[in-house]
Structure formats: C-alpha cells, structure tokens
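Enquirer: Below, each chain spelled out in residue letters.
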Amino acid sequence: MRTILFILQKEFRQIFRDRTMLPIILVVPMVQLLILSYTATFELKNTRLAIIDQDHSVSSRSLNRKFEGSPFFSMVDGLITYDEGMEMLKRSKADQILVIESDLDYHIGRSEKAGLLLVTNAINGSAASLMNAYALAIINDFGKEVQKEMYPNLPKVMPIHIEVRHWYNPQLDYKTYMVPGILVLLVTLIGMFLSGMNIVKEKEFGTIEQINVTPIKKYQFMIGKLLPFWFIAMFELLFGLGFAALVFNIHIVGSLPLLLGVASVYLLVVLGFGLLVSTITETMQQAMFVSWFFLVIFILMSGLFTPAESMPDWAQWLNRINPIAYFIQINRMIMLKGSSFSDFADQFYALVVYAFVIFSLAVWRYRKVA
Amino acid sequence: MINPHIHIEGLTKSYGNEKALKALSVDIAKGELFGFIGPDGAGKTTLFRLLATLLLPDSGSAEVLGYDTVSGYKEIRKQIGYMPGKFSLYQDLSVEENLNFFAGIHGTTLQENYHLVQDIYQHIEPFKNRRAGKLSGGMKQKLALSCALIHQPKVLLLDEPTTGVDAVSRQEFWEMLKNLKEKGITVVVSTPYMDEAALCDRVALMQKGSVLKINTPQQITAEFGHALFSIRSDTMFKLLGDLLQLENTHAAFRFGDTIHFTSHNKEETSQSIANNLIAQGHHNVVVEPVLPTIEDCFILLMKMENNA
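So the protein lines, in turn, are chains A and B. Heads up, the first sequence is in the numbering used here, so the first residue is 1 and it goes up one at a time. Heads up, the second sequence is in the numbering used here, so the first residue is 371 and it goes up one at a time.
Any given hint could be a false lead.
[As the list claims (entries may be wrong)] Derived, one-sided and incomplete: chain B residues facing chain A with beta-carbon distance under 7 Å: (1) Ala422; (2) Leu424; (3) Tyr443; (4) Lys448; (5) Tyr452; (6) Gly455; (7) Ser458; (8) Asp462; (9) Phe471; (10) Ile475; (11) Lys504; (12) Gly595; (13) Lys673.
[Stated by the list, open to error] Which chain B residues stay away from chain A? Per the calculated CB distances, all over 12 Å, these: (14) Asn373; (15) Gly411; (16) Glu445; (17) Leu459; (18) Glu467; (19) Asn468; (20) Phe623; (21) His634; (22) Glu658.
The set of hints was computed from the structure by calculation and includes no laboratory data. The structure presented is a predicted model; accordingly, all values stated were derived computationally and were not measured. Positions of the beta carbon are idealized from the N, C-alpha and C atoms, including for glycine.
Start from the sequences and build out the full structure, keeping to the hints where you can.
Expert: As structure tokens, then:
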C-alpha cells in the first residue's frame, strides 16, 4: 500500500509538473465543447439561394418575398439567366437556384398547372435534402395561397390534422444532442491517450528498467499508473458537466451519481485500452498511432455525429465492440432523458464485460513483456 | 571459489541469429570490485541485464547471492542495486525527489539510510532541488549510484557508469566504488575504457560475447609473455607495414601515436630493432622498451582469438 502511495505521489508530481498538462486538462474540454457543439451541426441556416425571376409578375414577386422572409435563406441577387445561376452554383457562390420561367403568372391567371425549376448543390446529400425540404415547404405554402385565391370556397380544414411535439430537446437544438457526446469524447481521450502514453514514456526513456529491478509488483505499478488518470478523467467529466450547465444551459436531467458510476466503469475500459496499447508499443509515437487508429474508428462509428441506427447492419454489429458508442448512448439517456439504471442495464453490463476482458488482456500482455 | 556472490555458468543469449553471449562462465567473490572490460558489442550490457533479472537466458544459468536469476528473481531484486548504461532516473523530478522515490518503493527513507549514500550524495546535495535532467553527466551518475545504493544492496551492478563522464568525475567515481567495496558490497562494473581495468580487483576481458581472460589486472599484464617495444619514426604509416614484414615479428599494432611491437626473437633489443629500421630507410627512429598495459594484453588476446 505504501508503495502505491509513493508511485501515486511521483505520478501526480510528474503530471502537474508537465507544462502542457494543465492547459490540456482545463482548456481542452472548454475548447472542444465550445467549438464542436457549435460547429458540428446539421441545422441549416443561410442557404444561399439565387432566384432567377424571368416572369417579373405579381405572382413571382410574391414567391420571392416568401423566400426573403424565411430565416433559412439568404438571397443571391442580380441573376437573370439560368446559365448565370449554374455558374454561381459551380463556383460555390450559391447553394440552390430557383428558376421562375416567364409564364408563371400567365398560367396561374388561367388556372393552369405552372412549373418551377429548383436546382440544389447535392455534394453533401443530407444538407441537400434539408435545403430541398425547406424550399419545398415555402413553395407549397405559396401554392396553397394561390389555390385559396382561386377557389375561396374550398374547405379550410384539412381532413387530418397533425401536431408535432419534440420530446427531450423541444427546440431541436443540436447542441443538446452534441454536448453529452463530446463529454464522452473528453473522458475517452484522457483515459486512453494520456495513460497509455505515460507508460510508454517510461519505456522510451528507459526509466522502466530501473523500476523493473525494484521489488515493485505489477499490480502496484499499474494502479499507480492508472489511478491518476482515472481521477483526472472524472474531474474532466464534472468540469465538462459544469461548463455545459453554465454556458449551454444544458442541465443533467437524470441522476449525477448514476452517471459518475457508469463513467467509472467506462474509464476502466479506456484505461485498460491505454494499458494494452502501451504493452504492444515501444515509443510514444507508435502508441500515438495505434491509439489514434482505434479512436478515430470508434469515434466516427459511435453515433456522436451521425445516428448509429442508420448505419449498415455490419457496422451496427461492429459497434458492439465500440465502448464509446455504449457510453455515448448511456450518457445521452441520463443527461437528456433522465433514464434510470434499468433503461440501459444491457449497455452497462456490456461495459462491465468489456472492462473485464480488456483489463485481463492488458495485464496478461504486460506480464509477458516486462 | 567458495560461496561466490555471483556464479555464472555457460550463460548464453542470442537476439535472433546474433549471439550476444556465448557460454559465459565467471565467479565473483563477495566484496570484490570486478570489471567486465570490452569494446562496444562485447555483450556487457546483455550480461548485466541478465544478472539484473531483466532478461531470460537461452541456456546456462546465473546465480546472484545464491538465487537463480530466473526462479529467484524476486529475492535478487530486493538485494541488488542496478545502474543501467543509459541514464534512467526521472529527468522531470528533482535530485531529492528521485532519491526519495527509490527509497520509498524499497520501503525505506533517505533519512534512514543517509549514511549509506552520504559519501556520494554530498557531492550533489547542494543541487538537491535541481531536476535530474538538468544535471551534468558526472552528477547524473552520482545520483544514479545514490539511487542504486539507497536500499542497502549487497551487490551493485553498474553498466558502463563512466561512459560519457569527464576525466575528473571518472576518477572520483572510481574512488567511490573503492569505498563501497571496502564496506563489503560486491561491485560489478563494465567499461570500454581499458585504463579503468587497473582499478579493479579482477577483470574479465570480453570480446564478441566470450571471455578472453579472467584474472587480476597485475597478473594479466604479467602474463603478457613478450618484451614490448614502443616505436616511432618520421613515416609512421610505412613503419607499421615494415614492422609487420620483419622476419621475427610476433605482433605490431598502433597504440596511441606510437606502434607497439613484440618479437619472436627473445634476444631482440631496442638497438637491434632500430638498426633494422634504419637499414630500411627510416629516419628519427625511437625504440623504447615499455611495460605492457591491459590494452596491449587485450589486443594481443584478440589477435590470437581471431587467428584461432
């Protein structure tokens, strides 16, 4: 026990003596939360729309005004021909062009079918479908008004009335969705990177030689190495939660002790992962590459940015070995829905099994190598 | 040898096809200052890592303090102090913190065992708050030695402790080793510097994973077996070639800025060699009889080994 305390004292000394360490611990969470939660968003604002009005009629101007009034669109003015519009699209000066041909008013006046051409830059498919949906909603609205003018006696009430309610995130604010995920990312980075790197550093500097000839036992060394990062990661989580509450006004709905409990098990998984990486690498550079390889895959597949449910079946199956996916799921449930333990018991047990497997593997590998 | 502190028998270790140690056997007595002398690549570090229980031998065995390095590694680790060739203390911890840490994990304290390291530690005590990484080479070695000593080991394994250390610090360091030896600690040192061999009680001359000779340095030089001449002339390059061509040449090799020469002819004198060389057109020939050093012995032994 005393030995562990000596190792812990040394580790904390070294960690806090490292000049890059404190900024990493305090600044990284703030920067990640601030930048990622604002930028990693699928909300669409300021779609640049070029309306090519060849009709210059009452109807075309009324459609124009509808688009101008929408917060989702900003107008690219002064275009006259379809080719000019396409040029703007090509040069990424516009995202969408709407061509109103010169016979719109004429057809409407004669109660005939009228046509519009909507061209969308679809390089980003999901953004394109959103832009389309917004534009179509406005055009439909315009169509209904025209219809009402022409047939004032049509019944006003639609046969089916739909009222939509958005639960857990009533404003459909993307930040609410992102923040719990980014908190998970933070904890993961600290646990996996810093811990693994720390052990490999001893290998690279040769200090592990000196440690290995002392009567320190493996478990003492490992506890001494991992516990500091467990603490730092937990601190990081609390710090991030506080930051989210203060800056984004996102308060944890569920139980904080429950979240911390799950996090402490999850940390065993990531710390074990870091330990495992450190046993199969010799230099910090190698450790960095190996960790990064797994981390990128885990993060991108975790459902942090895109819903995991819409991935292909094999990817969802692969996600069963993705610890980040489990914890992001659980964290969102606790933070946003206020779920209780029984709601995510399966995911939690998966983490427990994971922690056990990865730790056994790491300890076994560690014995063989050192 | 009765009850040696270190008993090595047929120790063999390979890295892939590279044989680092070839069936090495050595006994080292309690309280001995023993040196493994040899150039880089002789297998010294491999031997020390095997003794420090950091490597497993392919075959053969080594016992330290009566414990086998494989089965008794736990006991050995409690009772030895090991100083790797590469400085391996924590550069971001201070002198005092390093010492306290190594004392702590051995279950002792600096205060308790201060008397053990006092002679050495007092050299660096004025800098006890300095980071280890900021120390000079000599001070680093003194700190490393203090850390290796703090738990009162019975055997000290020092792998090239004086490599990269200035001449004055080297001398100081050897003085310290002598004092430790006097306290009854078995000190095993490796070094590539032949001149340090004379400071050991006994040495093993190593080459390519084998021991060429084990004896006291005095005995090794006494067994040189030939009259040795140091020779100089105006044309050194031609001189070496000419000496190798002489009828009675046993060996001729560069030694500093002179050439060392031994002859098969026991009657050979400085004068006879000088005459011979002058006859071959050399000017300003100087031939002096000299006493063989460890380095002479090593070179001769190496040549015999290579010819065998």
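Enquirer: It remains to establish, for every hint, whether it holds in the given structure.
Expert: Verification of the supplied hints:
A hinted interface residue such as Ala422 of chain B counts as satisfied when its beta carbon comes closer than 7 Å to some beta carbon of chain A; here the least separation is about 5 Å, so the hint holds. Hint on Leu424 of chain B holds. Least Cβ distance to chain A is approximately 6 Å, under the 7 Å limit. Interface restraint check: Tyr443 of chain B against chain A, minimum CB-CB distance 9 Å, threshold 7 Å, status violated. Annotation: interface hint on Lys448 of chain B holds; nearest CB of chain A at approximately 5 Å, less than 7 Å.
For Tyr452 of chain B, the interface hint holds, since its Cβ comes within 7 Å of a Cβ in chain A; the closest pair sits about 4 Å apart. For Gly455 of chain B, the interface hint is violated, since its Cβ never comes within 7 Å of a Cβ in chain A; the closest pair sits about 9 Å apart. Taking 7 Å as the C-beta contact cut-off toward chain A, the hint placing Ser458 of chain B at the interface holds, the least distance being around 4 Å. With its C-beta approaching chain A no nearer than about 5 Å, Asp462 of chain B sits inside the 7 Å limit, and its interface hint holds.
The closest approach between the C-beta of Phe471 of chain B and any C-beta of chain A is roughly 5 Å, which is under the 7 Å cut-off, so the hint is satisfied. Because the beta carbon of Ile475 of chain B sits about 5 Å from the nearest beta carbon in chain A, less than 7 Å, this interface hint is met. Here the hint on Lys504 of chain B is broken, as its CB sits about 13 Å from the closest CB of chain A, past 7 Å. Hint on Gly595 of chain B is violated. Least Cβ distance to chain A is approximately 41 Å, over the 7 Å limit.
A distance limit of 7 Å between C-beta atoms decides the matter here; for Lys673 of chain B the minimum to chain A is near 35 Å, and the interface restraint is violated. Taking the minimum C-beta to C-beta distance to chain A, about 23 Å, the non-interface status of Asn373 of chain B holds against the 12 Å cut. Interface exclusion of Gly411 of chain B from chain A stands, the closest Cβ pair being 19 Å apart, more than 12 Å. A beta-carbon of chain A is positioned within 12 Å of the beta-carbon of Glu445 of chain B; the least distance is around 9 Å.
Look at Leu459 of chain B: its CB is around 7 Å from the nearest CB on chain A, not clear of 12 Å, so calling it non-interface is violated. Once the 12 Å rule is applied to beta carbons, Glu467 of chain B is inconsistent with being away from chain A; the minimum gap is 7 Å. Distance check for Asn468 of chain B against chain A: the nearest CB is about 9 Å away, which does not clear 12 Å, and the non-interface claim fails. With a least beta-carbon separation of about 36 Å from chain A, Phe623 of chain B lies farther than 12 Å from that chain, consistent with its non-interface assignment.
No beta-carbon of chain A is positioned within 12 Å of the beta-carbon of His634 of chain B; the least distance is around 48 Å. The beta carbon of Glu658 of chain B is kept farther than 12 Å from every beta carbon of chain A, the shortest such distance being approximately 46 Å.
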